[in-house]
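Trainee: Residue strings, one per chain:
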Amino acid sequence: MAGIRVVHYINQFFAGIGGEEKADTKPFKKDGAVGPGTALQSKFGNEMEVVGTVVCGDTYFNENLDEASKEVIDMIASFKPDMLIAGPAFNAGRYGVACGAVCAAVSEALNIPVITGMYEENPGADMYKKYAYMVKTGNSAATMRKAIPAISKLALKIGKGEAIGTPEEEGYMAKGIRVNKIYDKRGSARAVDMLIKKLNGEPFVTEYPMPVFDRVEPRPAVKDISKATIAIVTSGGIVPKGNPDHIESSSASKFGTYSLAGVLELNADSHETAHGGYDPVYANDDPDRVLPVDVLREMEKNGVIGKLHETYYATVGNGTSVANAKKYAHEIGTQLKEAGVDAVILTST
Amino acid sequence: MIKEIEDVVDVPCVHMCTIVPISLTVGANRIVPTVAIPHPLGNPNLSAKEEYALRKGLVEKALKALTTDVSEQTVF
Numbered sequence: 009m010a011g012i013r014v015v016h017y018i019n020q021f022f023a024g025i026g027g028e029e030k031a032d033t034k035p036f037k038k039d040g041a042v043g044p045g046t047a048l049q050s051k052f053g054n055e056m057e058v059v060g061t062v063v064c065g066d067t068y069f070n071e072n073l074d075e076a077s078k079e080v081i082d083m084i085a086s087f088k089p090d091m092l093i094a095g096p097a098f099n100a101g102r103y104g105v106a107c108g109a110v111c112a113a114v115s116e117a118l119n120i121p122v123i124t125g126m127y128e129e130n131p132g133a134d135m136y137k138k139y140a141y142m143v144k145t146g147n148s149a150a151t152m153r154k155a156i157p158a159i160s161k162l163a164l165k166i167g168k169g170e171a172i173g174t175p176e177e178e179g180y181m182a183k184g185i186r187v188n189k190i191y192d193k194r195g196s197a198r199a200v201d202m203l204i205k206k207l208n209g210e211p212f213v214t215e216y217p218m219p220v221f222d223r224v225e226p227r228p229a230v231k232d233i234s235k236a237t238i239a240i241v242t243s244g245g246i247v248p249k250g251n252p253d254h255i256e257s258s259s260a261s262k263f264g265t266y267s268l269a270g271v272l273e274l275n276a277d278s279h280e281t282a283h284g285g286y287d288p289v290y291a292n293d294d295p296d297r298v299l300p301v302d303v304l305r306e307m308e309k310n311g312v313i314g315k316l317h318e319t320y321y322a323t324v325g326n327g328t329s330v331a332n333a334k335k336y337a338h339e340i341g342t343q344l345k346e347a348g349v350d351a352v353i354l355t356s357t
Numbered sequence: 020m021i022k023e024i025e026d027v028v029d030v031p032c033v034h035m036c037t038i039v040p041i042s043l044t045v046g047a048n049r050i051v052p053t054v055a056i057p058h059p060l061g062n063p064n065l066s067a068k069e070e071y072a073l074r075k076g077l078v079e080k081a082l083k084a085l086t087t088d089v090s091e092q093t094v095f
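So the protein sequences, as listed, match chains A and B.
First residue of the first sequence? That's 9 in this note's numbering, and the numbers climb one at a time after it.
First residue of the second sequence? That's 20 in this note's numbering, and the numbers climb one at a time after it.
Source of the hints: derived by calculation from the structure; they are not laboratory data.
These numbers were taken from a predicted model, which means no experiment stands behind them.
For glycine and all other residues, C-beta sits at the position ideal for the given N, C-alpha and C.
Fair warning: there could be bad hints in the mix.
[Stated by the list, open to error] Which stretches of chain A does chain B cover? Using the computed rule of at least three CB atoms under 8 Å from a CB of chain B, they are: (1) 186–193; (2) 241–255; (3) 299–308; (4) 326–337.
Isolated chain A, as found in the complex (with noise of 0.2 Å):
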């Protein structure tokens, strides 16, 4: 089985070239396996060969997504791959999103089966696993141990042209595709035994999962914008100078309730941000930034805008969990809603 061919495609992280400064990293590539990939070649043994690494700046690949993925398309093609891994990304949003769409970029232009992982929560993963073998793993590097080998065992699997089992035997998340299988009971006999299950209050498993729709009505335009108070929240870490809080730079536990009264403008002096997933540079130097107290209190002198809420909301989006998201924002939605706001800016980095 020598001689099946695997390019490896990684960040600009994992490519030990720097953290969230070098993010903005064009992409090139590498002859032969580059930090992760050296381990899943371990793994592949003489099976198959990583002959190729290609890597890109996470910021550099969502900024400029059409014209990055043709860029790296053309430096994984000229290894002349039979198959692509990418990652893994654990629950770094940029990198699983580039990774699924690297991903879907090569499946589709080269015709060649492709492998990632990720955490099911990053948003690479509802945006592109029906694209690709997306293997979940942890929501740290910290589990890259476990994922290597779940990863390599699938990449062999597909490469030896074996056969691929469901999505719970195999552990890759489901793509979304029906397939065909004989069972020794028939349909209706299957259905009445899942409902008396069901009425028994057992645990059964349904052979049609629905989709799950969390949408949310969109609420009614502001009518008069001139009178409305409109309220900001960001997810870029916006706290003042010094952190009072210690939001946590990622998986934040808490977000921050900070007070806008006499704030004109935030500065390098007054406020900084606290999130660990991106270059704080800029934000630090203006937090404006990001959070655009200046422009609004303009709008607000001008009766633009009838009024800034005199308190903003900030916390750390940076592998923050659904779950946690969506409890910080329920907590600021009940205070806004009090407060009797009549529009909500929310700004992320």
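With chain A held as given, fit chain B onto it using these hints.
Mentor: Structure of chain B alone, referenced to chain A:
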């Protein structure tokens, strides 16, 4: 967050962010695309005056989003 806030406060909400596909996946109803991940509402390469004008333009767009009725996810 944006969805939950819109649902709880029961007023229009606008999401200002750079990676629009994520906002669409998350389910924001009103979306205003911004400049860059580390500085969504600014651009350090511009002069202070130009940068302020850029930010003002984006906030004006957000106000337009808040004053526009939408029936589905809309990118302004």
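Trainee: If a hint holds in the structure, say so; if it does not, say that too.
Mentor: Status of each hint after checking the structure:
{"no.": "1", "hint": "186–193", "verdict": "violated (count 0)"}
{"no.": "2", "hint": "241–255", "verdict": "holds (count 3)"}
{"no.": "3", "hint": "299–308", "verdict": "holds (count 7)"}
{"no.": "4", "hint": "326–337", "verdict": "holds (count 4)"}
This entry does not satisfy hint 1, going by the numbered hints stated previously; all others are met.
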